[in-house]
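Visitor: Sequence:
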Amino acid sequence: MFFANARIRSVAAAVLMLFTATACASNDSVAKIKTPQDIKKIVQKKSRYTPEEREVEQRRRMGVIERANTVFTLLGGEMALQKGDAGTALATYMVTLERTKDPVVAERALEMAVSLNAFEPAEMIYQKWRQIEPVPGEAQKRMGWVRNLMMGRADKSLKGLDEILSRAEEEHAKQIFLLLSQAAVQQPDLAAKGASQVHKAAQKYPDMPEASIADAIYSAQSGSDRHAVSALQNLAKLDSEILPPTALTLRLVAQRNPEILSRFFRDTDSKKLSSVWQELEIATLIANKQQDKAYKRLHELLADNPNADLYIQAAYLAGSRREDISVVNGYLEKAYRTGTDEQKSRAAVIGAMGYGDKREFKKAERWVNRITSPEYVFDKAVLKASLQAEQGNGKAALAEARKAQKLPEQQGRFFGSSDLQRAYLFALSKHGNAQEVLSELNALAAKAAKKPDADKLLPDILYQRALVYADLLHQPDKAIADLRRYLKLNPNSAAGMNALGYTMLISRQSGISDTDEAFKLIQTAYNLDPESPAINDSMGWAYYRKGDAQTALPYLQYAFGRYPDSEVAAHLGEVLWQLGQKEEAKKVWFDSLAKGGDVAVLKKTMRRFGVALPVSKPAKKPAK
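In the numbering used here, the protein residues as written are 1 to 624.
These are calculated hints, taken from the structure and not from any lab test. Certain hints may be false.
Stated by the list, open to error - No farther apart than 25 Å at their CA atoms in a straight line, the calculated lysine-lysine pairs in the DSS-like style are these:
{"no.": "1", "residue 1": "Lys-193", "residue 2": "Lys-271"}
{"no.": "2", "residue 1": "Lys-289", "residue 2": "Lys-358"}
{"no.": "3", "residue 1": "Lys-101", "residue 2": "Lys-156"}
{"no.": "4", "residue 1": "Lys-450", "residue 2": "Lys-488"}
{"no.": "5", "residue 1": "Lys-478", "residue 2": "Lys-488"}
{"no.": "6", "residue 1": "Lys-403", "residue 2": "Lys-362"}
{"no.": "7", "residue 1": "Lys-604", "residue 2": "Lys-358"}
{"no.": "8", "residue 1": "Lys-289", "residue 2": "Lys-271"}
{"no.": "9", "residue 1": "Lys-520", "residue 2": "Lys-587"}
{"no.": "10", "residue 1": "Lys-296", "residue 2": "Lys-272"}
{"no.": "11", "residue 1": "Lys-358", "residue 2": "Lys-406"}
Starting from the given sequences, assemble the full structure and let the hints guide the process.
Guide: Given below as structure tokens:
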């Protein structure tokens, strides 16, 4: 069987929550900034003020300067990019600098430019500042040093850092440490040569989280594990909530030197840390595949300090250990009762995904309705669309997906725009009119093919179109053609191999129904992803079609246990029936019917074996 890409995610997504901070200085982010040419145009355009407008602007100048202090965030502006148009903001500062000739405005403008890696505007601002202030003041010296650092012109041993910091006020020192961290990520050789200098400097600021952040990053990247652990210990004391700069730091450390996080928790009494750091400890153990140790540690922490974050983590662990969904739900209910609105909504998202994976849609929908926090509006919308599609309610699913597409923010805590696209395409494939669906998918494919990022956009469209060809239009040859194109774009996709193999396996058309190739494709997919319920279903069905029902049985039992879909139920029941276990087969079929969803394949199988379908009870008429 090949399930749709938009299938509701496993509860395992919960552990990723602590590592979703935006990576600093990413190419994608930089690309969103307006080019220097664009900025020059903005400067020129906005310079054409009347005298009256100039006077108004002069009065607003101090307000602009004051607001500028709030723009600089997470390693010099990365988070600002998510909240607005950084290019226009920078242009505004440059316009203001042109009119005011104010060194304070120059400082803020240069600060923003270097933090965004907008080096050409940075150079324009710096030269203008030199004209305004020919004899450099402390601010110009400091920002000149920072400019050279970010542009790779500074001495790699960070000569002059102590002098710059000694003359900087506290807020400026914080800025320097954050930019130092950003520079280390962009210039890998900087950490090796400058780690000792940054460590010594950070020791002079024991109460400044930004100093510990820089120390941790430089020490981790240079291999100074002891100093990195010490810096993280100090950071944990100073930032109990794991604010965005700290979250990003932890993510970077986990990527570059994951052993440091493990050592940090081995050397640190986490009972003295906040629940957020305790949750991170559990996540780290899980990432290191130490689930039993994580479970034991979690219950120790819960005994001392029960809280919503730990209950959510307990729910994740219980799910990953294949415990009954009722156990997972119990932890989530405790989190919901004791948590903040954000924690309640996070628990509700996980609950909805967990029950969705178990095909218990009514319970999943009840959890979805409990999502109320603004941070999870997008996640809620994607879940609603996915749940409707999973139940075969194409029209309702499509309506929910289109609502989600209209939301101003296309990124949630769990799901992103790519997840919405998959949900939308899946919903589209469940729509009633197959020809209309095909027409829209064809249009989407043609549009995507013309875009520069066609290789990223086309695969999901091809996959869903294959599903329409296979399931709705009964044209396996076209489904197979699309899946072969899909695999050319994603050659290592286990899902793609499984989909192609399964489609070939069930096709009865000569020339495309190559059982040997189908079996090889499914087997390769299984070797890549042996825990996938969809691939296990395909393996079982492949063995059954080869005449080996006994070998098929455990694959199908595994698939049904992890994903009790009606098509899997049809396959498992048929194999049980052929092995003489007819009562067990009927139980699987009837239990699956009771759960609802898209049961057309299941009903067809039951009729083929002469099993009578339950009589639908007529709806009760309302009392007059």
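Visitor: Please go over all the hints and tell whether each is borne out by the structure.
Guide: Do the hints match the structure? See the list:
no. : hint              : in the structure
1   : Lys-193 / Lys-271 : violated (36 Å)
2   : Lys-289 / Lys-358 : holds (24 Å)
3   : Lys-101 / Lys-156 : violated (33 Å)
4   : Lys-450 / Lys-488 : holds (18 Å)
5   : Lys-478 / Lys-488 : holds (16 Å)
6   : Lys-403 / Lys-362 : holds (21 Å)
7   : Lys-604 / Lys-358 : holds (23 Å)
8   : Lys-289 / Lys-271 : holds (22 Å)
9   : Lys-520 / Lys-587 : violated (32 Å)
10  : Lys-296 / Lys-272 : holds (18 Å)
11  : Lys-358 / Lys-406 : violated (29 Å)
Of the numbered hints given earlier, the model fails hints 1, 3, 9, 11; all others are met.
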